[in-house]
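Asker: One letter stands for each residue in the lines below.
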Amino acid sequence: DGGITQSPKYLFRKEGQNVTLSCEQNLNHDAMYWYRQDPGQGLRLIYYSQIVNDFQKGDIAEGYSVSREKKESFPLTVTSAQKNPTAFYLCASTIRGRGDTQYFGPGTRLTVL
Amino acid sequence: AQSVSQHNHHVILSEAASLELGCNYSYGGTVNLFWYVQYPGQHLQLLLKYFSGDPLVKGIKGFEAEFIKSKFSFNLRKPSVQWSDTAEYFCAVKDGNAGNMLTFGGGTRLMVKP
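Just so you know, the protein sequences line up as chains A and B, in that order.
Quick note: the first sequence uses the working numbering, first residue 4, plus one each step.
Quick note: the second sequence uses the working numbering, first residue 330, plus one each step.
Just chain A, same shape as in the assembly (with noise of 0.2 Å):
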């Protein structure tokens, strides 16, 4: 059953903490993407990685890192440095090409307390 995977579902930081958001996907995707998607914004476009080993920054990537160690694999760190965390994060992945289809997951609701 092919998809993308998202976890948590929810998560809770105390801030000043730094947390990861997990997403794989086993569909064979070569790019895999992170937006953040906040009320009336839309999805902004955090990170991006074409290819394994290899990422760049989307529109807001200050305060979050990532990593890319695996095709199926492409964790989201959130650091202390993002002033405004509390949102909703979606993972995505596409075949490489011109005009792909994005495939999303279930997202990952993080809020700060």
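The hints are simulated quantities; they were obtained by calculation from the structure and are not laboratory data.
A portion of the hints provided could be inaccurate.
As the list claims (entries may be wrong) - Listed below are several chain B residues computed to face chain A (Cβ distance under 7 Å; list not exhaustive):
(1) G357
(2) L375
(3) T415
(4) F419
(5) F433
(6) G435
(7) M440
(8) P443
Claimed, not checked - Taking lysine-lysine and the BS3-like style, the derived pairs with C-alpha atoms no more than 30 Å apart in a straight line are:
(9) A:K12 with B:K390
(10) B:K390 with A:K60
(11) A:K74 with B:K378
Every value quoted in this text rests on a predicted model; they were computed, and no experiment measured them.
Using N, Cα and C, we set each Cβ at its ideal position, and we do this for glycine too.
Position chain B relative to chain A; hints supplied.
Answerer: Okay, now just chain B, sitting in the frame of chain A:
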């Protein structure tokens, strides 16, 4: 940079009413256009997409969208909505100058009253 505008943030309709959600993007040239839908508690999923050819695109669940290049628009339509269409709808644009990156609109939250 590309920007995408969805002018209707909240729409409330009765069942059987017709729906049109606006989407405009800022830059011309070669673009790929998408509508995604997020039903309550579910994954964001593709509703329809335009890459080339016939500018009138038909998607799942009776939705369609028309690409009008001269107006930089890709409006979503459905002739008769159902209660199950209650969801948030996102327009997205990928242009040839931005690799495989999507730029999303702010979303439109649709509520259909039974």
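Asker: With reference to the structure, classify each hint as holding or not holding.
Answerer: Consistency of the hints with the structure:
Because the closest C-beta pair between G357 of chain B and chain A is about 17 Å apart, greater than 7 Å, the hint is violated. Hint status for L375 of chain B: holds, given a least beta-carbon distance of 5 Å to chain A, under 7 Å. With a cut of 7 Å, the hint placing T415 of chain B at the interface with chain A is violated, because the nearest CB-to-CB distance is about 17 Å. Annotation: F419 of chain B was flagged as interfacial toward chain A, and the flag holds, the nearest CB pair being 6 Å apart, inside 7 Å.
The interface hint given for F433 of chain B is met, as the beta carbon of that residue sits about 4 Å from the closest beta carbon of chain A, less than 7 Å. A least Cβ separation of about 4 Å between G435 of chain B and chain A falls short of the 7 Å threshold, and the interface hint therefore holds. For M440 of chain B, the interface hint is violated, since its Cβ never comes within 7 Å of a Cβ in chain A; the closest pair sits about 15 Å apart. For the restraint placing P443 of chain B at the interface with chain A, the shortest Cβ-Cβ distance is roughly 25 Å, beyond the 7 Å limit, so the hint is violated.
Taking the CA atoms of K12 of chain A and K390 of chain B, the gap is about 28 Å. The hint holds against a cut of 30 Å. Restraint check for K390 of chain B and K60 of chain A: the C-alpha separation of about 35 Å exceeds 30 Å, so the hint is violated. For the suggested pair K74 of chain A and K378 of chain B, the alpha carbons sit about 26 Å apart, so the restraint of at most 30 Å is met.
Checked against the numbered hints above, the structure breaks hints 1, 3, 7, 8 and 10 and satisfies the rest.
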